[in-house]
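Trainee: Listed in order, the protein sequences are those of chains B and D. Be aware that the first sequence starts at 1, since it is given in our numbering, and climbs by one per residue. Be aware that the second sequence starts at 1001, since it is given in our numbering, and climbs by one per residue.
Honestly, I wouldn't trust all of these hints.
Incomplete in silico selection of chain B near chain D, CB under 10 Å [unchecked claim]:
#1 Ala20
#2 Thr24
#3 Phe101
#4 Thr364
#5 Gln380
To be clear, the hints were calculated from the coordinates, so they are not data collected in a lab. Quick caveat: nothing in here was measured; it's all calculated off a predicted structure. Cβ coordinates follow ideal geometry from the N, Cα and C atoms, glycine included.
The lines below spell out each chain.
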Amino acid sequence: MSTPGLNRLTIHEAGRRLAAGDVTSVELTEAVLDRIATTDSAVRAYLTVTPEQAVAQARAADERRASGEGGPLLGVPIAVKDVLCTEGIPTTAGSRILEGFVPPYDATVVRRLKEDGAVIIGKTNTDEFAMGSSTENSAYFATRNPWDLGRVPGGSSGGSAAAVAADACVAALGSDTGGSVRQPAALCGVVGLKPTYGRVSRYGLIAFASSLDQVGVLTKDVADAAILLGGIAGSDPCDGTATDLPVPDYAALLTADVEGVRIGVMQEAFVKGLQPEVEAAVWTAVDRLVELGAELHEVSLPHADYALPVFYLIAPAEASANLARYDGVRYGHREEAESLDSMYKRTRGRGFGPEVKRRIMLGTYVLSAGYYDAYYLKAQKARTLIKADFDAAFEEVDVILGPTTPTTAFGIGEKIDDPLQMYLSDVFTLSMNLAGICGLSVPCGFDEQGLPIGLQVTGPAFGEERVLRVALAYEQACDWRLRRPDL
Amino acid sequence: MKLDREEVGHMADLARLALSGRELSLYREQLSAILEHFQRLQELDTEDIPPTASVLPLRSVTRDDETRPPLRRERVLENAPDTEGGCFRVPAALE
Chain B
1 MSTPGLNRLT
11 IHEAGRRLAA
21 GDVTSVELTE
31 AVLDRIATTD
41 SAVRAYLTVT
51 PEQAVAQARA
61 ADERRASGEG
71 GPLLGVPIAV
81 KDVLCTEGIP
91 TTAGSRILEG
101 FVPPYDATVV
111 RRLKEDGAVI
121 IGKTNTDEFA
131 MGSSTENSAY
141 FATRNPWDLG
151 RVPGGSSGGS
161 AAAVAADACV
171 AALGSDTGGS
181 VRQPAALCGV
191 VGLKPTYGRV
201 SRYGLIAFAS
211 SLDQVGVLTK
221 DVADAAILLG
231 GIAGSDPCDG
241 TATDLPVPDY
251 AALLTADVEG
261 VRIGVMQEAF
271 VKGLQPEVEA
281 AVWTAVDRLV
291 ELGAELHEVS
301 LPHADYALPV
311 FYLIAPAEAS
321 ANLARYDGVR
331 YGHREEAESL
341 DSMYKRTRGR
351 GFGPEVKRRI
361 MLGTYVLSAG
371 YYDAYYLKAQ
381 KARTLIKADF
391 DAAFEEVDVI
401 LGPTTPTTAF
411 GIGEKIDDPL
421 QMYLSDVFTL
431 SMNLAGICGL
441 SVPCGFDEQG
451 LPIGLQVTGP
461 AFGEERVLRV
471 ALAYEQACDW
481 RLRRPDL
Chain D
1001 MKLDREEVGH
1011 MADLARLALS
1021 GRELSLYREQ
1031 LSAILEHFQR
1041 LQELDTEDIP
1051 PTASVLPLRS
1061 VTRDDETRPP
1071 LRRERVLENA
1081 PDTEGGCFRV
1091 PAALE
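With the rest of the complex left out, here is chain B (with noise of 0.2 Å):
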């Protein structure tokens, strides 16, 4: 029987606990695996929970600590979003066409937490190949919100918001390319850092649109997000785009003071279709930062509104290339057939679900002759024009605060037969990725059916310490962490 309540601990919680020798990897990780056994057959947050190579890495962690190693995730169960590879252990992205799959190595991330002693609990569902905002596009399964089990956790990275919301791991990775880690992180009341593009190693993360990609981390509170960003952050010799440009100690110079920085209100955000509990969640959120010390200012983004055409014509496009791979003959699923090209066709009209087939065929046609010029070629112009607005705005503030989302958590079924509807979820969120900058959710309040709100903090390329900065002045400043939902 396990200690109850460890698995509610946070990564510096816990990392205190385990220094001081009160508590045991093994005692911490087996609180998460009851935890999971106890609440994952309401909620489905994961596709795969390894508790044999879990309690043995626990076990491993003990044991270096007992020889005098420290640091902060040692001994410290992380959940790991499916898109990512996990060596021995089977690596779906939430699709069919992946079935089986178990990759021969591990993603540079995951080593890294390996390295540095943390416990991986498990593999946490996705929409299909982390294209969805709902986690409803699983192949497996729909993840539910803990909050509400008939409301989606969202998505692509629900299932890892669902397991951090649940308690049912410590933290949590994901992987965000339009707003997969923030947008779910927002509906399940969790934090969610998306890193600026080049800050992590995609090495070894199943690729969806690889000019947008990039992993990031779910947590339970601001610093934790320090630690494990930390953790994973760094340049990669399997990865051309990881920078090189030296890793800040982010935990170490996290401080709340926003004595005089200066933050920006993004004005394009307070639009038609924005739930007004949001909205005013937004302003108090806002207001507590002012007298905190904060100055406030107005930016503008004129082009904001572009990002949903122009992110959803070259995430496609990109993705189109990047998923040409699955044919059937390396790994996963086939169909037989007797020509080549008809096992092509067969495995992969079989194997991929609507939402990737859809995808695949909007990134055929804009990158067909005809209109290429038209649809992409436009949409990458448009693209410079999103990113020099964040350019222009980060001359005049330090960070800029929005909504992370239009909404709450919507329902299980409500969006999923009008895809135009469900991209719209994404509406915040898309254009940070295309910007390349960093942004992250905190929870800001709860709607009136008690379902969680989030503030997306956004700060330039390599601007975390600031984004995070803010953040945890805001969380301090609050108790909506203090909150649980009722499992």
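Based on these hints, arrange chain D on the given structure of chain B.
Mentor: Chain D in isolation, oriented as in the chain B frame:
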């Protein structure tokens, strides 16, 4: 603007996707609606604006040309649906 049926079928061919008649007509509807919605982009003046393919400045990454052990062949082939003699096996590509 509505995509015609042949065009949608051609895209499926290019993407090597075997789609049912029902899927073809559903995607025809949905992709037409999505592209219609995205027409708004055409109002944006992008004359003289360079395209952005990646936000990072392009740079070459080099490393020393040293040999390293690759993944073991058996390990790589373990995930393949069909293998023969240490290779991936596929249906005949040539008649």
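Trainee: If a hint holds in the structure, say so; if it doesn't, say that too.
Mentor: How the hints compare with the structure:
1. Residue-level restraint check for B:Ala20 is violated (minimum Cβ-Cβ distance to chain D is 42 Å; threshold 10 Å).
2. The closest approach between the C-beta of B:Thr24 and any C-beta of chain D is roughly 34 Å, which is over the 10 Å cut-off, so the hint fails.
3. For B:Phe101, the shortest C-beta to C-beta distance to chain D is roughly 6 Å, which falls under 10 Å, so the interface hint holds.
4. The beta carbon of B:Thr364 is positioned within 10 Å of a beta carbon in chain D (closest approach about 4 Å), and the interface hint is therefore held.
5. With its C-beta approaching chain D no nearer than about 3 Å, B:Gln380 sits inside the 10 Å limit, and its interface hint holds.
The structure fails to meet hints 1, 2 from the earlier list, while all remaining hints are met.
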